[in-house]
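Asker: Below are the chains, spelled out letter by letter.
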Amino acid sequence: MGPVTFVQLYVLKLLWTATGCRSAGRRLVKALGSTDEGERTVAGMLLVQGGKRAEPLVADAIRRREHLPMVLLIAADIGASSLQPDMRRLRTDSDPDVARAAHDALEILAAQQR
Amino acid sequence: MERGNSVSKFTATAVLRRTASAFYRDTSHETAGALVEVALRHPQELVRVAAAASYFPVAADPSRALAILARGVGSRDPLTREVAATALARIEPRHSVLARLLERRRRRSTRPRSRTSLLVHGTWARTAAWWQPPNGDFWQYVHTDVDPDLYGAQDRFDWSGGYSVAARALGGARLRTWVQQHNLAGLDLFAHSHGGSVSMVANHAGMQVGRMILLSCPVHWPQYTPAFNLVNRVISIRVHLDLVILADGGGQRFYDPRIEEHVLPLWFDHSLSHDPATWRQYNVRAWL
Numbered sequence: 001m002g003p004v005t006f007v008q009l010y011v012l013k014l015l016w017t018a019t020g021c022r023s024a025g026r027r028l029v030k031a032l033g034s035t036d037e038g039e040r041t042v043a044g045m046l047l048v049q050g051g052k053r054a055e056p057l058v059a060d061a062i063r064r065r066e067h068l069p070m071v072l073l074i075a076a077d078i079g080a081s082s083l084q085p086d087m088r089r090l091r092t093d094s095d096p097d098v099a100r101a102a103h104d105a106l107e108i109l110a111a112q113q114r
Numbered sequence: 001m002e003r004g005n006s007v008s009k010f011t012a013t014a015v016l017r018r019t020a021s022a023f024y025r026d027t028s029h030e031t032a033g034a035l036v037e038v039a040l041r042h043p044q045e046l047v048r049v050a051a052a053a054s055y056f057p058v059a060a061d062p063s064r065a066l067a068i069l070a071r072g073v074g075s076r077d078p079l080t081r082e083v084a085a086t087a088l089a090r091i092e093p094r095h096s097v098l099a100r101l102l103e104r105r106r107r108r109s110t111r112p113r114s115r116t117s118l119l120v121h122g123t124w125a126r127t128a129a130w131w132q133p134p135n136g137d138f139w140q141y142v143h144t145d146v147d148p149d150l151y152g153a154q155d156r157f158d159w160s161g162g163y164s165v166a167a168r169a170l171g172g173a174r175l176r177t178w179v180q181q182h183n184l185a186g187l188d189l190f191a192h193s194h195g196g197s198v199s200m201v202a203n204h205a206g207m208q209v210g211r212m213i214l215l216s217c218p219v220h221w222p223q224y225t226p227a228f229n230l231v232n233r234v235i236s237i238r239v240h241l242d243l244v245i246l247a248d249g250g251g252q253r254f255y256d257p258r259i260e261e262h263v264l265p266l267w268f269d270h271s272l273s274h275d276p277a278t279w280r281q282y283n284v285r286a287w288l
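Sequences listed follow chains D and C, in order.
Letter by letter, the first sequence follows residues 1 to 114 in this note's numbering.
Letter by letter, the second sequence follows residues 1 to 288 in this note's numbering.
The hints are all genuine.
Only pairs whose alpha carbons sit at most 20 Å apart, straight line, appear in this in silico SDA-like list of lysine to any residue:
no. : chain 1 : residue 1 : chain 2 : residue 2
1   : D       : LYS52     : D       : ALA24
2   : D       : LYS52     : D       : SER23
3   : D       : LYS30     : C       : ALA128
4   : D       : LYS52     : D       : CYS21
5   : D       : LYS52     : C       : VAL165
6   : D       : LYS52     : D       : ARG22
7   : D       : LYS30     : D       : LEU68
8   : D       : LYS52     : C       : ALA166
9   : D       : LYS30     : C       : THR127
Calculated directly from the structure, the hints in this document are not laboratory data.
Could you build the full structure based on these sequences and the hints that come with them?
Answerer: Here is the structure:
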């Protein structure tokens with residue numbers, strides 16, 4: 001990932017958090033599927049740094065099954081306990097990576113609540 | 001007493017020989033059953049255990065064979081112990097005697113410290129290919145060119161890869177337990193990004209480390225630091241102005257003199273420190 005992509009992601013985050021522009025937030029979620037490891041990582045970090053504001057975006061992504069392993073962990077990292085039923089349901093998902101991420105997400109949520 | 005034992009052994013051996021000869025002359029269910037019956041009462045434990053192992057599949061009441069095998073697991077003779085444990089594990093793998101045997105072995109292990117090394121992935125990278133044995137490009141490179149003892153079994157360590165203090169704390173606890181279970185105290189760690197933070201959490205929890213090689217590890221001092229009394233060397237390798245570290249809000253370099261800091265003549269890219277091409281081009285191996 002070069003500096004241009006980095007700046008673009010930061011602008012998206014600013015738009016999303018400062019103005020509540022949902023489509024900018026959705027672009028960050030979309031970047032979780034990038035083939036560039038750096039871009040994926042920064043997009044995920046920016047969503048987590050958005051805290052509870054990211055919860056509707058994450059809930060939407062879970063419903064659409066977008067980038068599920070990563071989105072489930074983001075849900076846990078922001079402490080989205082309202083998404084626990086989805087995490088529980090996905091623990092038995094046929095995709096082992098999704099099932100494992102759902103299990104880890106529940107574990108992270110529980111650790112945060114302790 | 002000793003003479004009595006010798007007489008009984010002699011008699012038992014004679015009876016066994018006679019029964020075996022009868023079986024050889026006339027192979028039938030009756031003679032086979034008689035042979036096993038005699039062997040089950042033989043004064044030598046190894047014979048009893050071997051008979052019990054053969055008796056089980058044909059016995060109507062297996063409790064007698066199980067009792068002999070369970071006693072055999074505690075025998076002083078290593079061969080008898082091994083035969084009994086192997087047979088019992090096949091017949092009743094959850095037998096309490098076997099569970100005790102496994103616990104005892106784990107506690108008493110005195111294997112020397114291993115020189116094995118391990119790759120620890122970073123944030124969101126649990127499913128990434130580059131670090132996975134046996135085909136990940138960085139795993140292959142380290143295994144071939146840096147350390148042939150790099151851990152590559154199917155039960156390799158991983159953690160959630162979550163981006164939170166809680167996720168890293170759980171990852172650190174998991175790493176420490178994994179190292180204990182594999183009896184690998186003193187191993188070398190190649191840790192990328194927040195995999196370095198996870199390694200430091202485990203290190204502070206008491207995990208002994210040989211070399212801790214931190215690749216593009218964000219600096220969150222003093223939240224994540226090595227436990228210097230439990231690590232031989234700490235080496236940090238990174239690029240200039242790592243953009244992922246910038247987004248993370250961590251520091252770009254360690255300033256503690258106990259950490260050997262190496263900055264590659266490369267910019268921005270967080271992934272370059274686990275790229276085999278980078279390691280080859282800049283002979284990173286020589287820094288370890």
